[in-house]
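Undergrad: Listed below are the residues making up each chain.
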Amino acid sequence: MKKIFAIISVLALFTLAGCKQEFLDTDPTDRVSGTAIFSDAENAMTAVNGLIRLLYVGGWGSSWGAENGGLPAYILVQDIKGEDHVMDAMGSGWFYYDYAFDTFGDWTGNAGHQYQMWNFFYTLISNANYILANQDMEGDENYKHYVLGQAYALRSFCYMWLIQTYQQNGAINGTSLPGVPIYTEPTVAGSEGKPRGTVQDVYSQANADIDAAISHLSQTSLGQLHKSHVSLAAAYGIKARHALVQHDYNTALAAAKQAMQGQQLGKWDDVKVVNDVNKANVMWGLAIQTDQAMGNYDIYNHMDADCKSTYSKARHLIGNWLYDQIPDTDVRKQWWTEPLPEDAWGTPGTANGSNRSWCQKKLVYIDATASTGDHILMRTEEMYLIAAEAACELGQFSEARNYVAAVGELRDSEYDSRLASKLDDKTLNSNTTGSLGTLMDEIFFQRRVELWSENPRLFDLQRRGLCYNRAWDGNNHTKTCTDYTSIPGSANFILWIPQAEFDGNENMSAATDQNPKQGKNL
Amino acid sequence: MRKLKLMITLLVTVMMGGVAFAQNITVKGTVSDANTGELLPFASVQVKGTMTGTATDVDGNYSISVPRDGILIFSSIGYVTQEVAVEGKTTHNVLLASDTEYLQDVLVVAYGTAKKESFTGSAQTIKSEQIEKRTIANVTKALDGLAAGVQTTSGSGQPGAGASVRIRGFGSLNADSSPLYVVDGVPYDGNINALNPNDIESMTIIKDASAGALYGARGANGVVIITTKRGSEGAAHVSFKGNWGISSRAIPRYETLDAYQWTEDLYYMVRNTYLQEGYQPSVAGPMALADISGGVNNVFGIKEEYNPFTVPAAQLFNYETGKINDGVGLKWSDDWLDLCTNPTPLRQEYQMSVQGGNKSNKYMFSVGYLNEKGLVQYTNFERFSGRANVESQIVEWFKAGLNVNFAHNNTNTTSLGSSQSSSSAYSNVFYTCQLMAPIYPMYMRDATGNYILDANGEKQYDWGENRAAGASAGWNPLANLVEDKYANGSDNLSGRTFVEFGGWKKGALQGLKLSVNFGFDLVASKAKTYYNPYFGNAKSMNGLAEIADGRTFSYTFNQLLTWDRHFGDFHIDLLAGHEAYSYNYQYLMGYKSGYPFGHLYELAPATTLQDANSYSDNYRIESYLTRVNLDYADKYYVSASYRRDGSSRFHKDVRWGNFWSVGASWRISQEGFMRDVNWINNLTLKASYGVQGNDNLGSLYAWQAFYSLSYPNGANPGATVSSLESKELKWEKNENLNVGIEARLFNRLSASVEYYNRYTKDMLMSYPMAVSLGFSGYDKNIGNMQNQGFEITLAGDIIATQKAHWTMTWMGSTIKNKVLHLADKPEIVSGNYIIKEGETLNSFYLPESAGVDPATGSKLYWVWDTDENGNPGEKYITDSYQKASTCKRVCGSRIPALYGSWSNNVRIGDFDLSVMTTYSIGGKINDGVYRGLLYSTYIGEAGHIDRLAAWKQPGDVTSIPRIDLKGSYNVALTDDELFDASYFAIKNITLGYTLPQKALKAIRFQTIRVSVSADNIKLFSALRGMDPQYNFSGGTGYSYTPTRTISVGLDMTF
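Chains A and B supply the protein sequences, listed in that same order. Under the working numbering, the first residue of the first sequence carries the number 207, and numbering increases by one thereafter. Under the working numbering, the first residue of the second sequence carries the number 103, and numbering increases by one thereafter.
Possibly wrong hints are sitting among the right ones.
Simulated pairs of lysine to aspartate or glutamate, EDC-like, Cα-Cα distance not exceeding 16 Å [said to hold, decoys possible]:
| hint | chain 1 | residue 1 | chain 2 | residue 2 |
| --- | --- | --- | --- | --- |
| 1 | B | Lys461 | B | Asp755 |
| 2 | B | Lys829 | A | Asp231 |
| 3 | B | Lys938 | A | Asp709 |
Chain A stretches covered by chain B per the calculated footprint, using a threshold of three residues with CB under 8 Å from any CB of chain B [said to hold, decoys possible]:
| hint | stretch |
| --- | --- |
| 4 | 395-403 |
| 5 | 666-675 |
In short, the hints are calculated from the structure, not lab data. Keep in mind it's a predicted model, so treat the numbers as computed, not measured. Backbone N, C-alpha and C define an ideal beta-carbon position, used for all residues, glycine too.
Turn these sequences into a full structure, and let the hints steer you where they fit.
TA: Structural data, given as structure tokens:
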């Protein structure tokens, strides 16, 4: 009997002592608290790198991941809605519906570009806001300025992308049009959605943020620790882009000049394929390493016609009008396959898929097996072309000629004589597939060729108040969409705000805050 | 070692028919019920002081060799054990008195057992006989129709896959609504399909708070208690069971267009698109033909290599009629789904078990093997399982037991995996083949339609690089099945051990027991996905393999003190205890690309590491629990329980929650005034109320704000914000009322009627935020929801004679679900569904159809404009689908008005027959698969035959609008497209024959039963091809179709 009591007592004791307070405190192994991240400025680099990594991951909506591989995918979406970029087949359908202006209905769901792009840029902004809430972080001042500079620059970048994607250009259509919600505080449980505000509000925020970024990046001696980080030069480049959007050509010229300081232009060897951040002319780019590759989400899986991917069967071509304008003396003609008789074409989705008239070979994998190939976000050449455009707008034609020639001469052996034939005139031909007579026409021609599918063509059209016609004689388009693209500032050029935003935002309503109706001739 | 020897001796003894010992005589006789005189089969007959024993046959006869002066012990479950001295007589007919404690059904409930009559809660037991009739690998599929108030999905047809289960409606919004599974007294974290259904003795469905509140924070959505077979006192039984079956589709296919119909339909479709774009009909027709034969749509490939007709495209059509010219033949006609289907997938199952024991030791052990081939080629499920349950009464006051289960599972799947998920992956056969237009060949064909053979004379798969976009260009699902691999394997080890002290029958401490239980589940799983280097997903990477290892170890450790005593007519049963639960999960994954050639499934041969990752997770609960059951004179019963749980999922200030219940029952039939009412055998009234919890919020760290470290940028570690802090976050609570009446009348008819009202409060919602805040929502306890309904079970013995027996059981249940409160946002719209205050959860939210315009073929909608104050204006008709998508209304849900089952069990002589059917009346379904076939979004997809009835020309009056190439894209789903979800299903028919005793005696077997069983036989529903049990929200998907199995079985016991 005593034995039993002894056993029971021992067990009872064990029971009572069984669980310590910590028993119920569990933590994950792949996540940490914000406190740990911002304990000092050097640790905060983790948040900056996470923010940048978000630029090249997928999963921004409920499905359709293959056409939502982060910023590179969205650059493609906004380029393919122009006239210079052709898809030769529907393929598996990815990007083709954007190309064909047939995604209007997607706004109600969480898979279309309306939702995914909105979610993408706002997720980046919320991450930037968390970093910026730690203005007084401890630690090395160099790192502190570096971290804050990155966060400001990316937030600025995101707001300008959003306003260009979801609203018409302010300089053309007025800056009092509804904008997009602006947040500068970190999101917490219970945070409320903001109203649309105006286009001017968004421009002002983007301008203020990029100025803050420049200020911080000027105060750090760290330079550019990684090509994916926004350097001081790249921050000026973003500022120059913003200024073009707002038709502020003085700022654009000044910022572009700041941006090109210390940068090198790329020789043909540097740009033969545009997929390596290590080239000297790359100011900002996403370096893809094997274990961080995006697989099918990577636009190269779609655009690299020789990568044997199932998605590369829908080949990406240059509009043959633009191709025909490129002189034979211009090496850039090699970025695209020359016109071939149809029986010489390679089979889509195979190793010789790019053997097809006008097929692009500029934006491809470095190593298809590893799914690697960098995505270039800013090159020195663009800074020269911005400076050329801004100078031309300001009537400083000879300066403009110098800038455009700096790029053109590296590509076209007969460039000087070509440039000499252009009139000193800042008018841009409103027929985008018409004659190229003026200096401004020439600067834009260089932009369209040099930055083909790197800088969204649709954004250029929008800031210039242009529409276009894909149905030129002998055009190689598979969808001309003339009914959707023939009016400047067409409602079809901007996206609708996703239903999910209205569902969750007390201060926005689908009935009053949605963009104008889309459709034919609108 | 001694035990093993004993068992072997026992086996040998039984098998040799009891080798005669010296001076033995053979004693024969019958064993029957002392009250009814009914002969008792399988009663144990044992020679006292030896391990020699036998059992009565089905007719209650026994024969045993025993020493002339020996003593026989007769026992049977539910009866008082009786000892009889042989005294040289060769015949002993024994009457066993029923043990009243046992005569009543015993229910396995939370932390113990309860007599059915005394039970104040709501629970229903499913017995092993009912489970064993179903040819299933996963016991969740056996629940359908066997318990009132339980709804299940059909479950995927992937071998080994289970079904989803909901008990008494839908208790949660964002938290999991699945019941808690408890195996042998301890919450189970293993794979359900690691449990061999043949090892299961019973499953108890716990529905109300009185029965379930002791599961505290995890019991809100009901509990399924699974109890495995144990040994019993008496001679050992060795049984063998074999089952062989063939599977086929349980639900027929959707009816689709043939090659002629499809091509003519495509012509209309393309032409309509051009007409829509403003082209004149004279131009649109030829343009359409040009598009079909080539062009951007590639319908017939680039060079008409996919033109299945005997003439070139240009000569195919009569331009006037739009019909294919007479006399045009077909060069091929491949049915892709048939070609990917295994015509006779075999299912084989073997089980051997041994059970037995004596007064102090009881054991059961079994080994089982199951190999189930899938309908889809190369898919299968294989299980090696073993179980041992041992219980030992060491001394009067000390008892211990061990219960171990091992299972090794291997599964090969299509890309769907074993869950019932639908996917639009090309490698999903049910997506790709079902949507493949009927013109495309599976194997490469030349211009005359003959196979293009390779160098070895083999047919070659057609990858279809030039097929149209909707026809899975670049893919061949059959080749995928051959070349790719989607495999899962798991090793499951579960243990349940206990030691029990006390249990004296006399003295001051009588009735007091302390038991310490330790149960664990260990699952080591490995998932392999491999894509071949030649085509498909990883062609551009030269093949890819991903291997993911998961390891789960969870344990429950508890200490329970019970005190069970009778004081005259008064009986008290007390329980108090402490419990700790811990769950640990470890994950490791790597994938590599770059294979030299195919069929290399490991990482070693690949060149390039694409990704590697690992993490681990922990989850813990600590609990204090107590229960008291009181009863008086078998008439009045009262019970109350209380549990306090602390869960690691919540912040420490709110992590402790209190859950409780009270219940009472009154056995009216035991009252004095009822004594003369002979036709009422039992009448019980009961009621219970209590509060249960649900902490299964999805995240194990739901309240914490985190940076996720999974975002490195090149060589720089990177982190992003992954969750928002929500310190107040706590479990959902379920306030559960149950009122019931149970009766047994005329000793023939049993009836049970229950009413329940489950009120979920503090319901966890992902509180929607503006997407622009960077988060789509955060977890918050905010909503209230109600589920109420009736459950009726009627069972009657229509014939009950010695020779024939017929029992019929009918079950009917209702659910009324209503969302009562949703915080600041009275409605949450999600696609075609809405969650709205005052409405049923997941109601359909769709525009209202106004028919099809006979003039244009456009679909018309009733819409309205909203003024600046948000007030809707007058309704009007429009054909704008964009407008329609802003004018939606609530139009029903999947939840049926009444559902249940009707089953019959008949025994005539040595034959037995059972028929089980289920039914569901009411509710609606949006059949997305049907709609996908009706309005093919992409060119090259198959079409439903209903397309033939679509609008073709002005004047056509039809309910199906003009269909053009944009498919459903510009046609909004409307209320009138929902199908009635009602169905009637014949789930199982089993016919068995038990060999007569005489025949058995000759071969010295106790029983031999052969049976033929058909499972999932027939479904009657509103639309051919539709699976009305696909999910609980009324959708359908491209998932592995459920299977029908016809099998023969053999059961032998000796």
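Undergrad: Please go over all the hints and tell whether each is borne out by the structure.
TA: Verification of the supplied hints:
With a C-alpha separation of about 50 Å, the suggested pairing of lysine 461 of chain B with aspartate 755 of chain B is violated against the 16 Å cut-off. Straight-line distance between C-alpha atoms of lysine 829 of chain B and aspartate 231 of chain A comes to about 14 Å, which keeps the hinted pair within the 16 Å bound. Note on lysine 938 of chain B and aspartate 709 of chain A: the hinted pairing holds, with a Cα-Cα distance of about 13 Å set against a maximum of 16 Å. With 5 residues bearing a CB less than 8 Å from a CB of chain B, the stretch 395-403 of chain A meets the requirement of three and the coverage assertion stands.
With a threshold of 8 Å between beta carbons, the proposed coverage of the stretch 666-675 of chain A by chain B is violated, since 0 of its residues qualify and at least three are required.
Checked against the numbered hints given earlier, this structure breaks hints 1 and 5; the rest are met.
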